[in-house]
Every structure is written in structure tokens, then in C-alpha cells.
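S.K.: In order, the protein sequences belong to chains A and B.
Counting along the first sequence from 1, when you hit position 119 you're at 119 in the working numbering, and nothing is skipped either side.
Counting along the second sequence from 1, when you hit position 233 you're at 233 in the working numbering, and nothing is skipped either side.
Worth flagging that the hints you see were computed from the coordinates, not collected in a lab.
A couple of the hints might just be wrong.
If you only want the chain B side, here are some residues facing chain A, beta carbon under 10 Å, derived [to be verified]:
{"no.": "1", "residue": "D102"}
{"no.": "2", "residue": "L106"}
{"no.": "3", "residue": "C170"}
{"no.": "4", "residue": "T265"}
Beta-carbon label-pair distances, calculated as ranges [to be verified]:
{"no.": "5", "chain 1": "A", "residue 1": "G86", "chain 2": "B", "residue 2": "W191", "range": "34 to 42 Å"}
{"no.": "6", "chain 1": "B", "residue 1": "L254", "chain 2": "A", "residue 2": "R118", "range": "21 to 29 Å"}
{"no.": "7", "chain 1": "B", "residue 1": "S116", "chain 2": "A", "residue 2": "E27", "range": "56 to 64 Å"}
{"no.": "8", "chain 1": "A", "residue 1": "T56", "chain 2": "B", "residue 2": "A198", "range": "54 to 62 Å"}
Rough simulated footprint, nothing fancy, chain B against chain A, three-plus residues with beta-carbon under 8 Å [as the list claims (entries may be wrong)]:
{"no.": "9", "segment": "48-54"}
{"no.": "10", "segment": "83-95"}
{"no.": "11", "segment": "99-108"}
For every residue, glycine included, the Cβ atom is placed at its ideal position computed from N, Cα and C.
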Amino acid sequence: MFAIELDSASKYYKRDTGLEATRLTIEAGAFYGILGPVQSGKTTLLRLAMGYIRPTGGHVRVFDMDSVRDSVRIRRNVGYIPQTLGGHSNLTLRDLFTGIRRYVGPFDYSRTAELCVRFGLDMGMRYANLDAAERRRFAIVAAQLNDPPLMLVDEPSLELQSFERDNLFALLHELHQNGTTVVITTDRVEEISTHCTDVAVLHAGTLLSAGPVEQLEALHARRISVEADDARGFAEALGITNFSSDAQKVTFTYAGSADVFVKTLANYNVRSLTVSEPSTESVLVASRITKGGVVRETEV
Amino acid sequence: MRLRYELRRLLTAFLVVGLSCGVLTAGVYGVYVLFAAYGLTNPASYWFYDLHPSFRALFGVLSALDMSDPLAFFSRFYIPVLMLASFGVIVTAARSMNSDADMEELLYMQPVSRASVYWRRFGGGMLFVVLLNLLQLVIAVVGIMPIVNVTLPYLIAYAVIFLRITVYECVLWSVGMLLSVCIRKSRASAWCGVAVTALSWAAPILPAFTGLLAFLWYLTPSTYAFPEYALLVGPNYTLPQGIVLGVIFILCTLTGWLIYSRRETTAE
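Extracted from the complex, chain B is given alone in its bound form (with noise of 0.2 Å):
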């Protein structure tokens, strides 16, 4: 009941990344009419033949893929529509907890507990991302089904790129609710939140380049859509990968907690 009260507050959001997370996968889509009709292969080996092998890396080129394989080409070019989505997930979570600050004086007549409305919201962004990649993966595969027969194997291979998608931005609300409790205009923690999505974009150049640091590869959304990084960082990445943003999920929700329970209630 109250979950429904904090979707309603995020209808506005979903509808926005939502559809434009739909209108850019039927853009992709379209890309790869092209490549199924003219049978093109490893375009990106072509494209990635002359650099280092760590941009190589980077960018996940380490196999010869088969772009009219519809998955092959999803993982790869559905980067885009990622991180259109991590950057929706990121902007609408910095500003859950200050964006309506103004209405606690209203809010806080009423006998609620901060805990209860932090959590609340918490709640509803959890509920929010998954919604969010429930639509994504209905999109993907109902747009995919007029190019390709689309059989169990890739439906499979599609719900569990999505369900990792999905841990991947419920860490990414984690981190923006915490910057949306700890910074006070929501514009402001915005743009943090952009930033530090842009980061974790690029915080696989560091062992790319020179080895250190390799938990860097977990942070960046793109070992979430492309399968094949598990031959980047190894056959038992999963559960390393799921340390470190289990860490990360806990530590951004219990401090945002723990900061935003603790304040006082201003006025306007």
C-alpha cells in the first residue's frame, strides 16, 4: 500500500527512462536488421584490429564475435541503452530523499518515523529498477521475436543479462540515495550521481592497463550485459563481483540510514 504511494511518486521517472530505454533498444533493433541482412562479422574486432590489446579489453573485445547472432550483438550494443538506464536509475535515486525536502514539515505532522520513511523509499526504488527491467527485458525479446526465432536458450540467456542489469542499478539506487540524503539540493546530487555512474564507466581503464586494482572490473555496468567478461576476469568472477557490490549496496544503505534518521526536521 505504501510501496504504491513511492511508485506513484516514481511514475514520472519510470514512464521517462522507461520509454526512452524502449525507444533506443528499437533503434539498436534496427542496427541489427542491418547486420542479420548483410551477414556482418566481428565488426569490432575489425574496428579494435590496430590498438593495444587493453583497449581491446576495455571494451570487451576479446573473442571473434558473430554479430548477426542476435545475443552476441544485444551484449554488445545494448551498452548504450545501459547506460541511458543506469543513468535514469542514478539521477531519479540522488533526488528521492531531497527533491520533495520541502514538504516535511508537512510530512513530519504526521506520526511517522524518518527510519520508516527512509525505508520506504528505499523500497520503492528497489520496486522501481525492477518494474524498470521487467519493461527492458519485455522490450528486448517481444522486439527481437519479428527478426529471429527466439528459442528458450536465448530467452534465458536474456532474463539472466537482465537480472544482473537489475543488481547492478539496485546498487546504483544504494549509492544515489545516499548522495541524495547526504547532499541537500537535488540538482547538485544529481550531477554527483552522474559522475560517479561515469566513473564506474570507467573504472576499468586502471587494470585494464596495468592489472591493479582488478575489483575495479566489477564496478563497470558493462560486465553486466556483456557474458563474455567472465573470460576477462576470470571463470569465478560471480562471486567476487557480488562481494564487492554487496559491500557497497550495504555500506550506501546503512549509512544514508543511519544519516537521514539522525537529522533534525527543518523548515522550509
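Just chain A, same shape as in the assembly (with noise of 0.2 Å):
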């Protein structure tokens, strides 16, 4: 069965391209990435999945269940935690709950009262007086309170501290453990090839390629920068053949066998070595390269 399943989906709005006509489906049970620039379309996909817009053409489903008809059914089933939350309620926290209650049935008040004191919440806070991340960690909360089968995160990481963004991992994790679909919406590779199993990748409304993790290739390359006495001849010796180099100095992105990168550097002087992530631009021009498109990284 799938969570989420896009037919010929696309949104347009009135001057922008919100997704172009899209066919995309997720597994019940995945633990999904979104990847993608700013202005990419990943929200427009998670908010037609949520029935807040209409989609222009085609269709979205959730659980079998159409965005359009079905919205309210659907959000009885999904949870969904927003970039941003506004609004100037005077009304505290256990009020919106004990509100929010009215609208999905009865549910476990000791969570949600663990799942604050988790995310460091006094349930007795104002809405109106919360910051940014407060508003958040509300959000995320809120989004659980009827235990839904899919997971829907706008930018997991965004207003969040470093140790608040591992607390929503953990808590999305033991979530997904529990037959929970978790879709997260994200520019940053790390968290892709770190959370998830499988990974659609965006770019300008256009979904460029989607699958299992390890089987987008370009999120497991890493940009290779050494510094040694011959560092040509050791790019060349790892069959390296497009890189940048000075005299002492080669940077280059690889993909391939760890063993044989380490093994082969074993050979050379090496005075430094720098590892770093894929960014997001050089996943999208990898994707735009299996999907049979030839883009330069400058025109991403």
C-alpha cells in the first residue's frame, strides 16, 4: 500500500511553478526524503498531500484517499509539522490541546505531557508569547497527538538547535520502528543519506529521480580534497579523471570502494586530507545526469 502516491500531479500557482506534473509514489512504512534546493516544490508536494491546495492537474493520494475529497480523513491519519506556525492566540498550550482534542477524538494526555516535557514545553506557555523553535517543538507535539500512521516534516532541521534537531530525529526514528511512514522535506544531504531509506530529488518543480537510498549514487560520493607529493598521480591511480588540481593538490568527488581509496592513499606522502558531504547542488546535477539531462553544476 502506499502513503503517498502522486498521479500526473502537478500545482501551478499564479506566477510560479509549484510542481510540475509529477508521478511519485511512497511506500507505507518508509522513511522518506524530499531533497532539494529552496523553491523546489518539496512543501507544494507535502502540502497537496495534506489537501491545503489543490493540485492543478492529476492526483494525490494518501492511503488510497484523495486530497481533494478525503482532506479531512487525511489529516485524521497524518501528522504534519510545518516550517513556520503564525498566529497570535492568547490561549495556552493545554488550552489549543484540550481545543485540538474536540477535533481528533480522545488521546494519550501523559504523552503529550511527556512529549513536552521532551521538547522542554510548559504546558501552561502562552501561544502567542512562543518563539520561532517553540513554536516548532508545539508543532511537533501537535502533529503526534492521535498517533498517525504517516509523518509529514517540513524541514526537520529548520529553527531548531543541534540537540533539539537530534531529539526529533530520535523521536521520528522510534516512530518509524513503530510502522509509522515518515516523510521529511530537506536541502541538506547529511540527513538524507543519514534518517532515510529512500529519497526523491527535486529541483524547480521537477522530480528529477527517486528510489532507495543506496541507489542514488551521488549521495554516497564524497568531495575528496588531498594534498601530497604526487596527488595527480593518486587521483589518476584511483581512475579519477575529472579533477581539479594545483601542483601538490587535487580535489575531486568519489563514489567508489572505501577499502581501495584508503589502500591506494596508503602509497602517496599525504600531508592533508579533507572528506567532505556531497552538497545538495551536486546531487542534483548527478540526478539530472542518470536522468539523461547533461547540466553543468553552475546551471543548478
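Taking the hints as your guide, dock the two standalone chains into a single complex.
M.R.: Put into C-alpha cells, the structure is as follows:
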């Protein structure tokens, strides 16, 4: 069964393209990442699934429910953590949770209290007084009141400090282990490669690639920078042809075996070595190439 | 249960409008004490004596009213209170859907349809108007009690006036809600509401002077507080007035519902 199914779904705003006609399925039980830079259509995709916006063409289904016709039923089964929460309600969090309970039905209040403690929220705080990070933490708690089988998280890292982010991902993994489908959107490659089982890469509203994380080679490639006596020779020994170099330093992208890399490196007198995660841009370029088009990095 | 939540949202507006009207009613009754004490009669006729008959018609000065009569006095001098209440209602209604639009994202995280939110707000507004007028009726009757002996016919007359005012303010609420749905900025919609209400007060100018578009008489709030307006528009004016108001009420309510329920939820 698919948690989310986009059947040629597109969304065009007055001036912008939100999402080009897209076919994408997200299996129930996946920990799915949607990767893309700003304005790539990630949030549009989640908002389509929530029924907040209607597709211009095609259909979006969540657990076989149509996102337009059954949006209320869908939201009964989906926990959604948006990027930002606005509003100036003077109600306390306790009052808001109580209000929400009227919509979602009875929920385990002790679990809510426990989550509030976990995310550093006091139930007596007034919503209007919460800063952006606290609102986001509030959204995290509010999204799970009815134990939804699908969690949609828009930019999990936004506004959160590193320990809060770790806390959120730990929670998402707990939920995932208990059978919840988790979908996150992000522009950080490391969040995809660290946490997700599957990934879809979006750019300017177009789906570039989708599939299991291990099949998207670009995600596993590393940016390598080596300073050695014969740095150029080292790169060539690895079979790298596309690299930038000066006299004693080479920089290139490597997606091959770590064992081969280390053993080859041992033959050279290395003064410095830098290994970094691939950039979102490099993943986009690689995804475009996979799709058939040849795109230079500067075009992305 | 859900209407109770809506009333909680409207509590501040209810207190502000209700108490302001109450204070103004007390002020009006203070003036009445003077009329009652000095036995003044028909002052309005003196004021309007030299004016064009259309002006007199516009202000409902048709018959020689005895201002020491509490009901006659009330129907004439309650106008400022009614004006304040109508502006209070339209401003509250015109902010009902857009003042907390930035909470939409949070609201629609829950399994709730846009239509149900609209109808809940609408129901809350109707209840707001009914409770507001009940409060005003109580204030009007209790306020006059120490001054005159309130008999049953007076009570019934007051109740009928407030029933008619309630109907008028329910229509105002539907117009205000439509403005609130159509105009995203709550301040702009509130000012539009004020303008619409002011126009409704001025509506009878045209028929008063030209005799054209007689239905505009039905739109002015003064026809709800002045029982003698029946004389202006004929003995059978209740039905056509009801039809005109009913059409406005239904049109505004349904249009607002259609627009709001088809609108997409926007992020802040």
C-alpha cells in the first residue's frame, strides 16, 4: 500500500510553478526524504498531500484517499509539522491541546505531557509568547496527538538547535520503528543519507530521481581534497579523470570503494586530507545526468 | 460545545460592544429623566418644523410624538445606541474569518473541514448577536424601571423592537462575514464594514427625496427601532422588508461559504 501517491500531480501558482506533473509513490513504512533546494516544490508536495492546496492537474492520494475529496479523513491519519507556525492566540498550550482533542478525538494526555517535557515545553505557556523554535516544538507535539500512521515533516532542521534536531530525529526513528511512515523534506544531503531509506530529488518543481537511498550514488559520493607529493598521480591511480588540481593538491568527487581509496592513499606521502559530504547541488547534477540530461553544476 | 469555543473567541468583542451600548443607554435614559420631569412634548417636531418634509420623513418625524412617553422616547433616542451596536457587530463580523488567518496552518493540521469552520463561526456570530440584544433588552428594561412603571404592553413593545434589531444585526453579521472572507486584511475589511453600515444608514435618502427605490427604506437600521416607520412604508411593510433582508442574508452567507470553503490554506 502506498502512503502517498502522486498520479501526474502538478501545481501551478499564479506566477510560479509549484510542481510539474509528477508521478511518485511513497511506500507505507518508509522513512522517505525529499531532497531539493529552496523553491524546488518540496513543501508544495506536502501541502498537496495534506489537502491544503488542490492539484492543478492529476491526483494526489494518501492511503488511497483523494487529497481533495477526503482531506479531512487524510488529516485524521497524518501528523504534519510545517516549517513555521504563525498566529497570536492568547490561549495556553494546554487549552490548545484541549481544543485539538475535540477534533482528533480522545488522545493519551500523559504521552502529550511527556512529549512536552521532552521538547522543553510548559503546558502553561501562552501560544502568542512562543518564539519560532518553541512553536516548531509545539507543532512536533501537536502532530502526534492521535498517533498518525504518516508523519510529514517540512524541513526538520529549521529553527531547531542541534540537540533539539537530534531529539526530533530520535523521535521520528522511534515512530518509524513502530510502523509509522515518515516523510521529511530537506535541503541537507546528510539528513537524507543518515536517516532515510528512500529519497526523491526535486529541482524547480521537477522530480529528478527517486528510489532507495543506496541506489542514488550521488548521495554516497564524497568531496575529497588531498595534498600530497604526487597528488595528481594519486587521483589518476584511483581512476579519477575529472579533478581540479594545482601542483600538489587535487580535489575531486569519489563514489568508489573506501577500501581501495585507503589502500591507494597509503602509497603516497599525504600532508592533508579533507573528506566532505556531497553538496545538494552535486546530487542534483548527478540526478539530472542519471535522468538523461547533461547539466553543468553552474546551471543548477 | 464548539459554539462555546466560538463565543470564547468573541468574548472581548461582546464585552466591549455590550458594555459600551449599556453605558450609552444609561446616558440616553438620563436625558429621558429631563423629558419626563419637564413634560416636554414633541421637541423633534419643533426641530424639524422648518425643514423639507423629506428630511422629516428621513428622520421618522411624522406624528407628534409625546417625548414623555417612554416608548416613543426610546424609539427615537435609542438610535445612537443602535448605531454603536451595528458598527460593533459589523466590525466584529468583518474580522471574524481573517483576524486569525495566521492560525490557519495550525487549525488545518487537525481533521477539520473549511466548511465546518465557516459554519461554526457563523453560528457563533448569530449567538453573539442574539446574546448582545438580550443584554441590551435587559439593560433597556431594567434601566427604565426606576423612572416609569413598566407594564406588559411596554415590555412586549421593547421585545418586538429588539427582535427586529436582532434580525437586522444578523443580516449585518452575514455581510460582515462575507467581507471578512473576501478581504484578507482584517483592518481593511473592518473599515469596509463600517462603510457598508454607514451606507445602510444613509440608504433612505434617495427614496425620501425622490420616491424611487422604496426598498432602500428596508435597509436602514432606524426602521427597526422606529415602530412608526410602518407609516412611512405602508402597513404591509414587514413582509417585503423581510424578503429584502432575507435575500441579502442568504446571498451573503452562501457566497461567503462558497468562497471560504474553496479557498486554499496558505502558509503565513
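S.K.: Please go over all the hints and tell whether each is borne out by the structure.
M.R.: Status of each hint after checking the structure:
Taken as an interface hint, B:D102 checks out: its beta carbon lies about 4 Å from the nearest beta carbon of chain A, inside 10 Å. Annotation: B:L106 was flagged as interfacial toward chain A, and the flag holds, the nearest CB pair being 5 Å apart, inside 10 Å. Annotation: interface hint on B:C170 violated; nearest CB of chain A at approximately 26 Å, more than 10 Å. At a threshold of 10 Å, the smallest CB-CB gap from B:T265 to chain A is about 4 Å, leaving the interface hint in force.
Between A:G86 and B:W191 the Cβ separation comes to about 23 Å, which falls outside the hinted range of 34 to 42 Å. Evaluation of the 21 to 29 Å hint for B:L254 and A:R118 yields a failure: the beta carbon distance comes to about 46 Å. Our hint of 56 to 64 Å for B:S116 and A:E27 is violated, since their Cβ atoms are close to 32 Å apart. A hinted range of 54 to 62 Å for the beta carbons of A:T56 and B:A198 is inconsistent with their spacing of about 41 Å.
Residues of the segment 48-54 of chain A lying with their CB closer than 8 Å to a CB of chain B number 4, which satisfies the three-residue condition for coverage. Only when three residues or more bring their CB closer than 8 Å to a CB of chain B does the claim for the segment 83-95 of chain A stand; here the count is 7, and the claim holds. Using a Cβ-Cβ cut-off of 8 Å, 5 residues of the segment 99-108 of chain A lie near chain B, which meets the minimum of three, so the contact claim holds.
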